[in-house]
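Undergrad: Throw the hints in and build the complete structure from the sequences for me.
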Amino acid sequence: MSSRTLVEAVNDALQVEMERDENVIVMGEDVGRAGGVFRATAGLLDRFGPDRCVDTPLAEAGILGTAVGLAMAGWRPVCEMQYESFSYPCLDQLICHVGRYHWRTNGAMDFPITVRMPTGGGVKAPELHEDSPEAYYVHTPGIKVAIPSNPADAKGLLAAAIRSPDPVVIMEPKVLYRSPRGEVPDGDHVVPLGKARIAREGDDVTLIAYGAMVAVAEQAAEELEASAEVIDIRSLKPLDEEALLASVGKTGRAVIVQEAPRVAGFGAEIAALLAEKAILDLRAPVLRVTGHDVPFPFWSLEDEYIPSAARVLEAVEQVLAY
Amino acid sequence: MSSRTLVEAVNDALQVEMERDENVIVMGEDVGRAGGVFRATAGLLDRFGPDRCVDTPLAEAGILGTAVGLAMAGWRPVCEMQYESFSYPCLDQLICHVGRYHWRTNGAMDFPITVRMPTGGGVKAPELHEDSPEAYYVHTPGIKVAIPSNPADAKGLLAAAIRSPDPVVIMEPKVLYRSPRGEVPDGDHVVPLGKARIAREGDDVTLIAYGAMVAVAEQAAEELEASAEVIDIRSLKPLDEEALLASVGKTGRAVIVQEAPRVAGFGAEIAALLAEKAILDLRAPVLRVTGHDVPFPFWSLEDEYIPSAARVLEAVEQVLAY
Amino acid sequence: MIGDGEALPDGEVEGLTEQDLLELYRALVLLRTYDERSVVYHSQGRIGTYAIFWGHEAMQAGAVLALEPEDWVFPSYRESAIGLLRGMPPETVLSWWRGHPAGWWDPRTYGVASIAVPIATHVPHAVGFAWGKRLRGESACAIAFFGDGATSEGAFHEGANFAAVMSAPVILLCNNNGWAISTPVSKQTKAEALVDKAVGYGMPGVRVDGGDVLAVYEATREAAVRARAGDGPTFIEAVTYRCAPHATADDPSAYIDAERVEAERQNECVGRFERYLRRLGLLGDELASQIAGEAKEALRAGIAAAESLPPPDPGLVTRNAYVE
Amino acid sequence: MIGDGEALPDGEVEGLTEQDLLELYRALVLLRTYDERSVVYHSQGRIGTYAIFWGHEAMQAGAVLALEPEDWVFPSYRESAIGLLRGMPPETVLSWWRGHPAGWWDPRTYGVASIAVPIATHVPHAVGFAWGKRLRGESACAIAFFGDGATSEGAFHEGANFAAVMSAPVILLCNNNGWAISTPVSKQTKAEALVDKAVGYGMPGVRVDGGDVLAVYEATREAAVRARAGDGPTFIEAVTYRCAPHATADDPSAYIDAERVEAERQNECVGRFERYLRRLGLLGDELASQIAGEAKEALRAGIAAAESLPPPDPGLVTRNAYVE
Ligand SMILES: Cc1ncc(C[n+]2csc(CCOP(=O)(O)OP(=O)(O)O)c2C)c(N)n1
Ligand SMILES: Cc1ncc(C[n+]2csc(CCOP(=O)(O)OP(=O)(O)O)c2C)c(N)n1
Ligand SMILES: [Mg+2]
Ligand SMILES: [Mg+2]
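Protein chains in written order, with this note's numbering: chain A, 1 to 322; chain B, 1 to 322; chain C, 1 to 324; chain D, 1 to 324.
The hints are simulated quantities; they were obtained by calculation from the structure and are not laboratory data.
All values reported here derive from a predicted model rather than from experimental measurement.
Subject to a maximum C-alpha distance of 20 Å in a straight line, what follows is the list of computed EDC-like cross-link-like pairs (lysine to aspartate or glutamate):
(1) C:Lys190 x B:Asp51
(2) B:Lys195 x D:Glu324
(3) B:Lys124 x C:Asp251
(4) A:Lys277 x B:Glu276
(5) A:Lys277 x A:Asp204
(6) A:Lys277 x B:Glu317
(7) A:Lys124 x D:Asp313
(8) A:Lys277 x A:Asp240
(9) B:Lys124 x C:Asp313
(10) A:Lys277 x B:Glu314
(11) A:Lys277 x B:Asp281
(12) B:Lys277 x A:Asp281
(13) A:Lys195 x C:Glu324
(14) C:Lys190 x D:Asp231
(15) B:Lys277 x A:Glu314
(16) A:Lys124 x D:Glu307
(17) B:Lys124 x C:Glu307
(18) B:Lys277 x A:Glu276
(19) B:Lys277 x A:Glu317
(20) D:Lys190 x C:Asp231
(21) B:Lys124 x C:Asp250
(22) D:Lys190 x A:Asp51
(23) A:Lys124 x D:Asp250
(24) A:Lys124 x D:Asp251
TA: Laid out in structure tokens, this is it:
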């Protein structure tokens, strides 16, 4: 165990996985000499050389598109998108090829491609540095998506992604990159995709969150009179339905917290799951506390946009009223 | 009134709106001389000339990106994406700029851009000609989305989109392009965005669908013993919540039909809406009948993938059992 | 411009044996037969919409036969049957056009990637593959086929730039057939020639007569030598002309120049090479009809095999999106 | 290459009056002052992360002052303060970097589009605007500023190609400052010069010394004349060097060549033009310090105004996504 920040845990995962499998290749803008704008890839160039830690031209679709070809040549590319909003140019490759190529070969050929990117707001950055686009990725067939909420999971989920034969998108909440620190297992550490984490046990209401919103949900739970269970989804796709249904089966109430814009966001999928499979358990409406259907604001207003513990508490009070 | 196919109705809308407003400009791949691969833009080049019906280079991001500039110069661009799957390259412009630029000017400048594309399966076409990507568009702030299920709405919704000061994506179910025909009002005909249509009245269960799935829902309703109400959403964003809540308030049961892959599809948003605002009315689980979380199959299997009346009936029987 | 659309003979290519020349001819005839039969099968409702490549056979065969078996081919829908030159059975390609999952294949079996439907998006795949092989110290290179219209796409640009920067052993073969559906190349670019684009990527560019199989062969072979020597990618513009509709669903009458089409058909690439071989005395009526017969038989057997396949397993619609 | 990095004087530009030259100088000083003050404000926590453009002032001012007021400017984050040359108050730009909605503006007010954060995505906007103006029979043209790294993006490629095909009256001004954050231009392209890319689009390309304000002015003016004459777009490569970190958040020590930076700083563009004006006898200490004072005062007033703005209306987070 070592105490690490989330970005240090990401770097640790890359070091361990590159050491473990010489087919792992890290590529992206400024990942080499500079070690990444968040230092997630620091030290990889010196340790593994320019063939396995590649500074690419400034072209996201080119990065992901060539990664498809690299996978065909036997590599396991780990592509960094410098910010989530700059991953949009690669959606075309992701939807048309990354999520389809294994299927297109009747399951014969694997495409073990990992795409990792910082995500979300709270860092007072200029426009288009604070989006939360996970819904685009989750809706795409053939793609798996995980979002860690702490350093240990950041390492374990990234390791699972790199070892997975399937394409996985890992979105790292950039607001958590440098704090808080957490205890991270040294060496091999894998957190399997598809398993949620019960961040806090409780009986009266289930707060469902992922990424940076887990801490917000935990804070709300802390301030709450009633007993709230907090579930950290971790793996959006595949989704740990059992964990969610078990908790809501127990509490009968659910509040979903999502930073992304509300409409057709991932929270809707969770609510839909509950409306289908937990309807008899539900004693109250399923509420979503989310960002707004408006672009992420200029950062002086970001705290008004990002769900706060206060907004979560409001929703919880509402569902507890039933 | 004239009897028209859906694609003829689209063409009629373009003719009427281009005549009505000389700032409307149609652009896209093969929209000019060829009149579009589905003939949606037939006759526009001859009638309005090459300045207002533009054959563009083969570059979707370039089409939408230059449309942003054309709007800045006072034009109302109507961009055709040749097939829905070829709209993926323009997602970057759509998310970064089309949906954000009005907001970015503090609401000062309008971007009346329409993007229209054929969508969905059922036409026995090669790979990537039969996707249903509406969720990507609906989730994007600043974008409105409508999907017609019949010729009259195809004309009216497109007219509304072209006249709207906001960017609107119109997705035309290509399986309906050439049949059935329908009565379409001549001349001015606008179907306001944000209003659903009750396709069939009923009391026991509400079938919620849009685009090509409306006919599937209607067929299921037809074959059903019980009395089913069928709602044609038409406008996915803005969404007619009142119409949905009123119907489910009456029936207490809802089945959502969506052709797109299930996870985080638009149907999830509808289910989430009901789980939040209709929970006390719901007497049964909210079920979704959808495509699978797998790429749209080779066309010999498309009928296995696309929701069928039989699959809808199965779901309806389930909810009626409660 | 290597090759010469007018004068014949097309001139010899160093190192090509008579057997090689006949092999090229067999490849041309096989592709031509595949294409012509497919149009018939479509009209008979035995396959779905089909992208015709009549007149592009020399461009396809000349390039592929100039490569080594270890080299990978990245086709667009326009080169759907190019796997036949790598031993892929016709029923596989016919199944693709029949919308049957038997139309999928494992790219490793033939060194042929899946057919790319979205324009230009496979260019970066070929580049990444070639780059990846080079990183492994292997000598394989890759070739990507794409059209004139594809050069307008960002995917082409990003792929070409990566190719040059990574000095990937890849050949970018642009089939300039003058049209992107109804859009003439003059509306696609203001460049005098598509090969001019090579300059901006800092890679060598070659312009060849795509109807001259030997010219394409030679240009491709030289590009492959450069690639294997570590000198990076080459852009080849193969000038052809689309004498047929874009696809069976397309009616070009609205936009095409019928006279030009007629002229091009007169000078079509298979007959042109056949006349050349006959002049060289390498081909006589007997051998010609034998080769034609073999190709016809291959297609007859191919469509029979495709049609005798059991209907696909419905369970497939929920499978193969993920390994796990 | 127009302009000359070494020898001085930079030579005269036909038609430029002494007033014009002094106006150019005022613009340079204003931009330089804005940039240097911003770095200070950032260190004081008065603005957020900031993209430094020290050394790029000549490239920006030379281009914008060569245009007409009707012409639109499409800046990247690197030209965030370019609106100042169009009468935009410093507090607007400072507010942008302070993350305050007062940093948004109506592009029509100054003929300056919003700052483009995603690389190269604004190139098609400038092209569409110019094309649209031409369609209206108006004489306005547009200029897009972007960097060397931006040339690798598909958005640049598609925009440039549209510009040529539509013969849009647009100027594509590539600020080649040698770096994309930590990535040198040598890893961005294999082309000998970025201007080589113009060939592939069939548009004229010019390479100028971006540190020579008169060279940039002249090249831009000529491009604008071509554009207004209906002769379409021009690609201008302005060769500069990034003497500062990419942004206040960046530490270039890991990758930059300190000596080269020092050399470039010695030859920085504002001092260079100042020495030229002094040699011409157009500028003396008094006028120089007056101009410097005006700029300082503008910034002092600007930051004061920005800091005295009321906090933004929280209600904004739910507004302005839609007109209706
Ligand atoms: C990204 C994308 N946009 C549009 C299409 C539709 N489409 C299919 S073929 C074609 C024309 C392609 O022209 P070209 O690149 O010259 O190749 P050719 O068909 O002539 O071989 C178009 C626009 C597509 N398949 N992919
Ligand atoms: C699409 C996109 N990808 C990545 C980034 C992150 N980023 C910001 S500046 C920059 C480097 C840009 O270099 P260049 O184009 O040369 O412009 P310069 O910063 O040198 O002015 C990068 C990669 C971005 N803003 N947009
Ligand atoms: Mg073509
Ligand atoms: Mg730069």
